[in-house]
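Novice: Here are the chains, one letter per residue:
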Amino acid sequence: MTAVTDPTVPRSWMQRNRMTVTPLLFLAPGILFFAVYVIIPIFQSFYISTYEWNGLGELSEQGEFVGLRNYQELMTDRAFEVSLWNNVKWLALYLLAIPAGLFIALFLNQTIAGIRIYKSLFFFPFVLSQVVVGLVFSWFYLPREGLLNAVLGFFGLGSVNVLGDPTLATYGIIAAGLWPQTAYCMILYLTGLNAVDPEQIEAGRLDGAKGWRMLWHVILPQLKPATFIAFVVTIIGALRSFDLISVMTNGGPFGSTRVLSFYMFEKALSEYGFRMGYGSAIAVVLFLIMLVFIGYFLWQMYQDEKSARR
Amino acid sequence: MTSTFKASIAALATTTMLAGAAGAGSHSNLEGTLRIISDMSNPAPRAIMESLAADFDAMHPNLSVELEIVDREAWKSQIRNALSANPPDVINWYAANRMGPYVDSGLFMDISDWWAAGDFAGLESVQGAMTIDGKQWGVPYTYYQWGIYYREDIFNELGLTEPATFEEEIANCQKILDAGKKCYSIGSKFLWTAGGWFDYLNMRTNGFDFHMQLAQGEVAWTDDRVRETFANWRKLIDMGAYIDDHQTYSWQEALPFVVNGEATAYLIGNFAVPHLREAGLTDDQIDFYQFPKIADVAMGEDAPTDTFHVASGATNIDAAREFLKFVTSPDVQTRINGPDGLGQLPVNANASVADDEFIQQGFEMLSQNATGGIAQFFDRDFPAEMASIGMEGLQEFMVFPDNLEDILGRLEQARQRIYK
Chain F
1 MTAVTDPTVP RSWMQRNRMT VTPLLFLAPG ILFFAVYVII PIFQSFYIST
51 YEWNGLGELS EQGEFVGLRN YQELMTDRAF EVSLWNNVKW LALYLLAIPA
101 GLFIALFLNQ TIAGIRIYKS LFFFPFVLSQ VVVGLVFSWF YLPREGLLNA
151 VLGFFGLGSV NVLGDPTLAT YGIIAAGLWP QTAYCMILYL TGLNAVDPEQ
201 IEAGRLDGAK GWRMLWHVIL PQLKPATFIA FVVTIIGALR SFDLISVMTN
251 GGPFGSTRVL SFYMFEKALS EYGFRMGYGS AIAVVLFLIM LVFIGYFLWQ
301 MYQDEKSARR
Chain G
1 MTSTFKASIA ALATTTMLAG AAGAGSHSNL EGTLRIISDM SNPAPRAIME
51 SLAADFDAMH PNLSVELEIV DREAWKSQIR NALSANPPDV INWYAANRMG
101 PYVDSGLFMD ISDWWAAGDF AGLESVQGAM TIDGKQWGVP YTYYQWGIYY
151 REDIFNELGL TEPATFEEEI ANCQKILDAG KKCYSIGSKF LWTAGGWFDY
201 LNMRTNGFDF HMQLAQGEVA WTDDRVRETF ANWRKLIDMG AYIDDHQTYS
251 WQEALPFVVN GEATAYLIGN FAVPHLREAG LTDDQIDFYQ FPKIADVAMG
301 EDAPTDTFHV ASGATNIDAA REFLKFVTSP DVQTRINGPD GLGQLPVNAN
351 ASVADDEFIQ QGFEMLSQNA TGGIAQFFDR DFPAEMASIG MEGLQEFMVF
401 PDNLEDILGR LEQARQRIYK
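Protein chains in written order, with my numbering: chain F, 1 to 310; chain G, 1 to 420.
Derived from the structure by calculation, the hints contain no laboratory data.
Wrong hints could be hidden among the right ones.
What the hints assert, rightly or not - With a straight-line cut-off of 20 Å between C-alpha atoms, the simulated EDC-like cross-links for lysine to aspartate or glutamate are: (1) Lys181(G) with Glu262(G); (2) Lys76(G) with Glu271(F); (3) Lys181(G) with Glu145(F).
What the hints assert, rightly or not - Distance ranges between label pairs, derived from CB positions: (4) Asp153(G) with Val132(F): 38 to 48 Å; (5) Phe297(F) with Gln78(G): 31 to 41 Å; (6) Phe271(G) with Val132(F): 26 to 36 Å; (7) Arg277(G) with Gly30(F): 53 to 63 Å; (8) Phe271(G) with Leu59(F): 35 to 45 Å; (9) Met14(F) with Gln78(G): 44 to 54 Å.
Note that the Cβ used here is the ideal one computed from N, Cα and C, for glycine as well.
Could you build all of it, start to finish, from the sequences and the hints given here?
Specialist: In structure tokens:
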């Protein structure tokens, strides 16, 4: 006991700096992997996007430096334009998962017998793999045998081939994606609702608030952290939509359901994809779009941290 | 399943004895490891590939054959990594333009001198499909015909006969439509089936040589001759010859239309026959005819060839050479393409063709009636990027034929960029 506090005994460098060194050591593996698998590839993509390269052999030998020509080509590429618009549709419509998740969460936030079963049932789609969700929805949409057309037929409406119609297909896939995403948002809100302060509700009730006013002025402000996380995961989910498209339409009919991530895969890595440089250019554009949101998220988190420390 | 297994065991046993006797003296000096990566992942081809590896292993006591089988679809994107990092000695791939990127990047070995040395006697007729820049880059091991597979019983019921000309084809189709059925089933979700239709219509309208010029980028897509091909295609589309919503189905998902008799014919490769048989159709109910004549040009045919290649980074080149010689030899060709194996056509002229209605008909057609020439297939004759953009346009045309001008303009723009 005395030895440790005795100022005359010289302490090692490690002991003197442990408040700095320990967190750095804990961070090191994470930073290393993040650099190798995220940061460096981002810069590599920038670099490769200035080349015309088929992805085989060495870039330095087989690749041809073309400057910004890949980006120039992107400007006139109609398939790229379609992909970009579809990404916008995904971003806008995917956000519907947040209010939908909130209302299901409010509905399920009750104490009645068997509520856990209902909660599990609502959460269930999130547990499924996206591939399974895609397959199930493709069967649901099938033009002749599908359940959707069976229902439409029952009401005397004509049949519709959702995934075969270039104007409808993207919406059909987004609808399939909303199913698990809503479940995810619901879980976030359910945990958020557990943390709602009952005293504030009581106080609100004494002041005569109920229904919508109670929700809007008392409950929602307390759910702000949950809303933020739901927003983050939904935006990211929308921007990296890939598996559903690959399973349900494979980008078709005639490329009308492509999004940027899928188009990048097609150009760079798929069966007929031998344009690594062009694919990288698409990836860079997608990265820049994501950067806007990531920047906003980081800024927001920084603000929260700052106010929490005060 | 069990019967296939037994058959392959039996086949394995007999050839091992034969090969053992023949090969013991001459080739036993091979040693080390021969690494093969194969995409023959369906049950029957897989059994064949495994038996080939086992036989070859048994023939060479000092050599051990290491076989890795990869899912056929997955292999299409895995081949890049396989060839770049730690390349095996022998791999599976496809002929013609499909091997172009790997040839250009120097990942396939130039084996012209093996061909020149007479290693592959009997394969002269398929040498062209393996040639790029005047050199050979691999060997074929099987090929199969394309054609119109149709419901013979429904044709008989409606009093139709196999058409020889396009007019007869259309007249037949009209009768089929009047009977409340569709003429053709097709599933174009994965695009390439539409490529088959274009290949045939273009080869029949403008001839094989024109089709090859188009594939090599020497003709504009906006050329009037190409428009004529599409005009012929449109006749079928406008009369409602194809099943509805084909853009939503894969080729397998479109088979039930034929099995149930809702559609009477399917333009497809011979690989569809086992599926039709498994679905319960007998050989009396299905038959096959060559795509009918349109203009007065020599008939060209699609007959895609599957191949073996040696990686340029191969370590056991001697063993790889012996293996290629082995798989293309007449008796091995006869066995692996037989009805218990791939059920396709042997590439070696000295091999015998299996006693199967469709294989025999296909062989006869390709050896006697394909006077124009033998094409590989849309996505193997055209460069990869042109093929993918092209097939997307073809699918769009089949659904919205009015968009033709726009489609042709797009394809022409792509052509000018791709064939620089």
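Novice: CA of Lys76(G) to CA of Glu271(F), is that 20 Å or under?
Specialist: 5 Å, holds
Novice: Is the distance from the Cβ of Asp153(G) to the Cβ of Val132(F) consistent with 38 to 48 Å?
Specialist: For Val132(F) against Asp153(G), whose Cβ atoms are near 39 Å apart, the range 38 to 48 Å holds.
Novice: Regarding Phe271(G) and Val132(F), is the given constraint of 26 to 36 Å on their beta-carbon distance met?
Specialist: 28 Å, holds
Novice: Taking 31 to 41 Å as the stated bounds, is the beta-carbon spacing between Phe297(F) and Gln78(G) within them?
Specialist: Distance hint for Phe297(F), Gln78(G) holds at roughly 35 Å.
Novice: Do the Cβ positions of Met14(F) and Gln78(G) conform to the proposed distance bound of 44 to 54 Å?
Specialist: 48 Å, holds
Novice: Starting from the hint 35 to 45 Å, judge whether the C-beta atoms of Phe271(G) and Leu59(F) obey it.
Specialist: The hinted range 35 to 45 Å holds for Phe271(G) and Leu59(F), with Cβ atoms some 38 Å apart.
Novice: Below or equal to 20 Å on CA atoms is what counts here, so check Lys181(G) against Glu262(G).
Specialist: Holds, at roughly 5 Å.
Novice: So the hint says 53 to 63 Å: do the beta-carbon atoms of Arg277(G) and Gly30(F) match that?
Specialist: Since the Cβ atoms of Arg277(G) and Gly30(F) sit about 57 Å apart, the hinted range of 53 to 63 Å holds.
Novice: Quick one, are Lys181(G) and Glu145(F) close enough, alpha carbons at most 20 Å?
Specialist: 18 Å, holds
Consistency note: the structure conflicts with none of the earlier hints.
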